[in-house]
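J.: Below, each chain spelled out in residue letters.
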Amino acid sequence: MKLLLIEDDQKTADYIAKGLAESGYVVDTSHEGRDGLFMASGGNYDALIVDRMLPGMDGLAVIAALRAAEVKTPVLILSAMGAVDDRVKGLRAGGDDYLVKPFAFAELLARIEALLRRGPASSATVKLKAGPLEMDLLSRNVTRQGRDIDLLPREFRLLEFLMRHAGQVVTRTMLLENVWDYHFDPQTNVIDVHVSRLRQKLDKGFDKPLLQTVRGAGYRLNVE
Amino acid sequence: MALALPGADIWRFLHTNAFRIAAVYFVLFAVSVLALLIFFYVSTAGFLERQIEATVDAEIRGLQEQHDFDGLIQVIHERSAPGRADNMLYLLTDPELNPLAGNLSQWPREAHQVRPGWFLFPIQVATRNGPETHNVLCSVFVLGNNDHLLVGRDLRDAAEFRNRILTTLAWSGLIALVLGIAGGAVMTRNMLNRVEVVAKTTEQIIRGDFAQRVPLSGSGDEFDQLGSNLNVMLDQIERLMTGMRQVTDNIAHDLRTPLSRLRARLEVTLLERPDAARYAEALRETISEADQLLGTFNALLSIAEAEAGSRRDTATVLDLTTIARAVAELYEPVAEEKGLVLRFDAPLAVNVRGDRHLLSQAIANLLDNALKYTPSGEVVLSVRGDESSARVAVADSGPGIPADRREAVFDRFVRLEGSRSTPGNGLGLSLVRAVARLHDGTATLEDNNPGLRAVLTLPRAPEPKDSAAPALPALAPSL
Chain A
1 MKLLLIEDDQ KTADYIAKGL AESGYVVDTS HEGRDGLFMA SGGNYDALIV DRMLPGMDGL
61 AVIAALRAAE VKTPVLILSA MGAVDDRVKG LRAGGDDYLV KPFAFAELLA RIEALLRRGP
121 ASSATVKLKA GPLEMDLLSR NVTRQGRDID LLPREFRLLE FLMRHAGQVV TRTMLLENVW
181 DYHFDPQTNV IDVHVSRLRQ KLDKGFDKPL LQTVRGAGYR LNVE
Chain B
1001 MALALPGADI WRFLHTNAFR IAAVYFVLFA VSVLALLIFF YVSTAGFLER QIEATVDAEI
1061 RGLQEQHDFD GLIQVIHERS APGRADNMLY LLTDPELNPL AGNLSQWPRE AHQVRPGWFL
1121 FPIQVATRNG PETHNVLCSV FVLGNNDHLL VGRDLRDAAE FRNRILTTLA WSGLIALVLG
1181 IAGGAVMTRN MLNRVEVVAK TTEQIIRGDF AQRVPLSGSG DEFDQLGSNL NVMLDQIERL
1241 MTGMRQVTDN IAHDLRTPLS RLRARLEVTL LERPDAARYA EALRETISEA DQLLGTFNAL
1301 LSIAEAEAGS RRDTATVLDL TTIARAVAEL YEPVAEEKGL VLRFDAPLAV NVRGDRHLLS
1361 QAIANLLDNA LKYTPSGEVV LSVRGDESSA RVAVADSGPG IPADRREAVF DRFVRLEGSR
1421 STPGNGLGLS LVRAVARLHD GTATLEDNNP GLRAVLTLPR APEPKDSAAP ALPALAPSL
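These protein sequence lines map, in sequence, to chains A and B. Those letters in the first sequence? Residues 1 to 224, per this note's numbering, in order. Those letters in the second sequence? Residues 1001 to 1479, per this note's numbering, in order.
Chain B on its own, in the form it takes in the complex:
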């Protein structure tokens, strides 16, 4: 509880949201309990008063009915006989207020009117504990012969009863408040504890322990939801960081090797005897190696760019078939030179939302790969669309990729040949995947039996209404 905390903690506690909420609710709670008790008291006390008035009224009415003077005195005598415990007081006087009958010794002197016909006055009563002053509520009635009749009731019992109610109410109020404070404190503490758990976990993570996760209570409540969201976010961050680290390692490896080779070549050239022709040759080789390095660098940048791309870049509606056809045209001579057939198979326009440059580059990378690794036969670039998705596929009849390696080749710098004899930087498919992700799509590799089938699937954009999918003729194999 708050009171058990040392100074600084109390200060912190007083500034928590939980405390503020608890305090507000406590005040509301106290006010409502108080209002309830007051209402209870007022209505009970009022009832008591009305009850007394009704009794007095009934008595007077009863006595009034005694038309016979002697009978009246008789009744008063009976009713005011000592030993009756109803606390009723009677006094009959003549017009000069001299007592004639009753248990009151004299007409009250200091009565004050409570409301018309009703008076309150004090009397001295002898009790076992000595004389006491009691209040009496009375009503006065003037008889036909101008005699005065006073009927009243001793309020001592009523006052005692009222006091007892008041005490009871005060105690119950106190108990309710204590319970309220205790309950509020426990709940606040509870809430603070759960926030504390999250705060502790994040602190540990900030200090570098990335394996920490927010423990969940398993109740599925809001705190659990918050915790599990945090955990998912942490997982994602960890994955990204691992990816980054991997890329850094790969860059270190894949760029350091050619850089050291380049440096070594220059060094060796410098050690040799000065010879213009050899220098020129070495420089040319150096430039070509630098170019390769730059190529790798640019590819990495393109991937980073695609990965960091925003929705804004992919807002334009494009015809995937047009884009694919242009890439096919670009690569068709390459295929022919290699003795391969590049077939373009796209019967219809298929609209997607995207970035023309990135999509072109992704398709170019797929075609590039297919043409590079297919020794002979056919490479088919196809575009298809259904209601929700658009698919570009590049199918070749090359050696393919074993099923268990098909995911790995999407990672940066992963190349299947250990020797790396075929030119390339191992970044082509990474870019394809990054572009696919940027467009909310996927990039996958499938078995083409024989060969490989690379598929780029993108969400399809709605067709503009006026040009309802014109049927474009498929280009001839030779383009």
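Same shape as in the complex, but just chain A:
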């Protein structure tokens, strides 16, 4: 997997590139908007990580230029501006995900993974399958090895998101954003409680736990 990082701060760029390299990605780095745009349109990258404020050319302008040139590489925007308005602007410009600085590296990694595995036909899917779990999106029916699991609507959406990202680390913030559509961090860690409830329902009567807590990062739905 080949990534392009466009980030003007040398230290941040080094730290992100090093972390991503250790996680098995090949990372090219550009420190400037125009140069980054040139590399992104030429090189064959699987995903782009673009800082919003760049010298030479603004990050959003880079993304807009790429999209105008029909480059459909998924883009993760990094920004110090975290207001909902800023997010909306970023996503409208053609970004696929938006991560506010400062962030935990695990968060960045989880989101990159989610971007890379984003299936193109996910919206048309009627049935999801992840290991022993099966989910019918129409009848809202969930089974584990054929046994019915009774879920509340919110638990259903939580599991749906986890199943769509089966095998990947999913952070608490990602869950809050995608399942609840909240862009703030509640003081109490409410997500943990929701996940542990779901976990109880999933694992009840089975030996092998499906929903695993990844320390310092989030959760992973084990499928192997």
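No lab work stands behind these hints: they were computed from the structure. Some hints here could point you the wrong way.
No farther apart than 25 Å at their CA atoms in a straight line, the calculated lysine-lysine pairs in the BS3-like style are these [claimed, not checked]:
1) K204/A / K1372/B
2) K1338/B / K1372/B
3) K201/A / K1338/B
4) K101/A / K11/A
5) K129/A / K208/A
6) K11/A / K129/A
Using the hints provided, position chain B relative to the given structure of chain A.
T.: Below, chain B alone, put in the same frame as chain A:
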């Protein structure tokens, strides 16, 4: 006055609005006074002239009636006898213009016609001060026997009278102008002085003396209004600045402490003997402390964002009940885990104009607090609306907050426990209040007997016509 000011001041004075206004009004004033005086003069002088003509006319008509020639001469003699002070002149001549009777020695040579039948000519008169030249206005009448009769009047008195009027008018004009200039100058000076007071005050404030206020005259006029508006604005600025300073102090305190702790931990770890396991542990602790710091930072930013928010952010019409229900769903498992009952009580949809994210966060903060500080019992999240307002209330059965501290906890970083053993950054309620203000609403704490009741009151938005408040069933306590 302007003339008393030294050079630079005069220059400044000439460029003031007050001077310009005064100058314009002075010119208008002078022109109107002049017009008035001219009108007065013309009408008075004209009246005088007409009066003289009428007298002469009457005389001629009177003499004409004397058909008898001798009688006519007699009358002329009588009328022109010396000693009569009416300044009338008479002359009767034969057709060759040789004088027959009258007090004029000869037929005038250089008469010129003023208008048909009326002539003006000079005569020499001997007075006490020697000979003088007087103008005479006369009319001439030819009798049946071709004798000529001239009746005129010496205009000397009239001219003198006219001169006196002219002098009087000139003086009154001058006095009016002087008074006008003086009055204008005084008024201008007055106005400038009051502007000056405002300017001086603002200058002092610019120089750093924020306690200065514009002195008011107490008359309640426009200048007083301007001054009092300025004062209100200054008060507000001062309040904001005090708030800012307080926040800066608090940030310094609340962020510096954990930062120094974090630094100390790293330092100590480095001093100890290298040990991978201990390093890892120290790093984990450091990360968790950094996370807390970031949390505080983000909360501060959210508050700042809410406080700086504009109307634009709160334009969408939202159902407060839907928003509150979603937050209740988010927190319901937390309540259950703590052995508390979270009851959601909202029978109807209540529309408000607002920002979904900020409102959700505010309600979440209230719920978070209630769940955190209630050891056992029930927490009720309710939504109600009347004609003008919508209210979200979170009532708990916890220890509550003493009445005299209920306002203070809205301030940033204020937490009631000295030990700060419960997790939290003391910013939750500050955000709630900032969100309330952004939505033109209020956030208050009340006694719940026992426990605390936090109420967020917002202006209610009008219901869309087609969906007239559908009655939603209240969710069961367990959601």
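J.: Run every hint past the structure and note whether it holds.
T.: Each hint, compared with the structure:
1. Restraint check: the Cα-Cα separation between K204/A and K1372/B comes to about 29 Å, which exceeds 25 Å; the hinted pair is violated.
2. With a CA separation close to 9 Å, the supplied pair K1338/B and K1372/B stays within the 25 Å bound.
3. Between K201/A and K1338/B the CA atoms are separated by roughly 19 Å; this keeps the pair inside 25 Å, and the hint holds.
4. The suggested pairing of K101/A with K11/A holds, with an alpha-carbon distance near 14 Å, which does not exceed 25 Å.
5. A distance of roughly 17 Å separates the Cα atoms of K129/A and K208/A; the hinted pair therefore holds under the 25 Å criterion.
6. Proposed proximity of K11/A and K129/A is contradicted: the alpha carbons are some 41 Å apart, above 25 Å.
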